Amino acid sequence: MNAPAGQNPEILSARADFPLLARPMHGRPLAFLDSAASAQKPRAVLDALRDFYESEYANVHRGVYLLSAQATDRYEAARETVRRFLNAPRAEEIVFTRGATEAINLVAESLGRSGRFEPGDEVVLTVLEHHSNIVPWQLMRDATGVRIRAAVADAAGNVDVDAVFREVSDRTRLIAFSHVSNTTGSVLPAREICHRARERRILTLVDGCQAVPHAAVDVQDLACDFYTFSGHKLYGPSGIGALYGCHDLLASLPPWQGGGSMIEEVTFERTTYAPPPARYEAGTPNIAGAVGLAAAIDYVRRFGSETIGRHEDAVLRYGVDRLDAVDDVRLIGTPAERAGSISFVFDGVHPHDVGTVLDREGVAVRVGHHCAQPAMRHFGVPATIRASLGIYTHAADFDALADGLGKVKELFRP
Amino acid sequence: MNDLRDLYQEVILDHSRNPRNAGRLAEPSGTAKGHNPLCGDLITLDVLVEDGTIRDVSFDAKGCAISVAAASIMSDMLKGKSLAETHDLFRRFQDMLTGPDAVAENLDKLEVLAGVREFPMRVKCATLPFHTLRAALDNQSGTVQTE
Ligand SMILES: Cc1ncc(COP(=O)(O)O)c(C=O)c1O
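So the sequences go chain by chain: A and B. In our numbering, each number is its position in the first sequence, counted from 1, plus 35. In our numbering, each number is its position in the second sequence, counted from 1, plus 43.
Same shape as in the complex, but just chain A (with noise of 0.2 Å):
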């Protein structure tokens, strides 16, 4: 097939900022196709963790010498870094976390103890979500007496504004769902959901993990409560993410983890809790975590998001065409607008087996159900094969993996 054509030249060659993909894999070059599920690191982030480490770490917010200050301001730097990508009004609206999963957590559970939700009270999730936007508030259900509505997708893996507000009622508190579908990539009208739940008082909550590496992101914009991703799946460290959550919310919701850093005073008879972000970041938290994530960010931004989007947006399509032309590939999920991620099955041939011939041919792709089964058991399969890229995936691995399946086809079909 012809190269692509709407691909970037200072992206195509984004790759060789990644040491990592310089490694043979099997004897082959490395076809790296699963960032979806963690995106490799740039010499930036690895470069800014190592100076960070070398020549201004210390704890933060504690010591009154120059290095805790030092390293304080480059946490608090990571912080306002964070709020410009997403366009928040404020720093203290940024919390950071280890990741989504702790992200979504924090907010059931502070929501849950807020005494806002009544037994019948309902939250609504969509038929695409990751595990960890359904499990957090299942737990949150069982403590409150909420119940859980799923909106539907079509048969193309689309989830319309008009699916989640069917599932709406007078008693609907909350709607979270994902911005980007991690399984089929499908891309959700984040921005009418969240207009419309705000004109009814709804509160929202976007699991944004798929969408910032593949698109800008305005919380503003969106008119989003609380939006999240997890910086591994953005190049940056594993184990920092962020939560956004407006700023009326996070000072009045009751904080989530007691510790160090997000008391004003404590007595044996009561405490008294700082303001968001500190009352939401008890302990030590992840410092190095937090300025790698900020490089990370400054990497995307060297390029621009937007940028990003349209080259990637090229190279999926490329990918999408391609394996669309094996004959024994079945796509799951054709959603009209996709961004990241394909998933497909291959007839007669179990995920799993599939997974391993193409690991010879070099071609990592996730095989499983993608810690999404409610959106397995929709499409019909157990697990899927998924291909998602990244700023350095090329046209080429998606050649690799379309000959890789030739490969499957010769062992399985001799």
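Read the hints as simulated data drawn from the structure, not as lab findings. All of these numbers come straight from a predicted model, not from anything done at the bench. Backbone N, C-alpha and C fix where the C-beta goes; we use that ideal spot for every residue, glycine too. It cannot be assumed that every hint is accurate.
In silico contact screen, one side only, chain A against chain B (beta carbon under 8 Å); selected entries [claimed, not checked]:
1. His385
2. Pro417
3. Phe447
On the provided structure of chain A, position chain B with the ligand as indicated by the hints.
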């Protein structure tokens, strides 16, 4: 491709496409479900034991070629074996896949699965049927998991 051909030998592909002893027993003495969350392999296995001897085994497996073939080959070999022989077989099977010296000792037809050793991520697929059998022999309720 060579180790892949070792892994996916014709015998294995044949068992995975046409598993022997597929289905359910009318009156099993033990039943168990096994699940490998990593790849979604799911097996329901019935066993009939009389006088300390396995008389019949049947299973319903949804999963990858390795787990279905392992269940099929295993079920073929077990009829008439004592419980002690069965446990011993499982131990030798595990040794072949993960033991220090990769010996395939009296494993008969199960030896075609020796290639799995080179694919550590897939060992659990091959051992799931045995784990499930063991649970069925104990007639444990619930689901055994490989994770
Ligand atoms: C859509 C989505 N939400 C949430 C998560 C959970 O992210 P993490 O494991 O980094 O907390 C993932 C990652 O797998 C994801 O793809």
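Satisfaction of the Phe447 of chain A interface hint, Cβ to chain B closer than 8 Å: 7 Å, holds
Hint check, His385 of chain A versus chain B [nearest Cβ-Cβ separation less than 8 Å]: Since chain B brings a Cβ to about 4 Å from His385 of chain A, closer than 8 Å, the hint holds.
Given hint Pro417 of chain A near chain B, where the shortest CB pair must fall under 8 Å: Constraint on Pro417 of chain A satisfied, holds at 4 Å.
In this structure, every one of the numbered hints holds.
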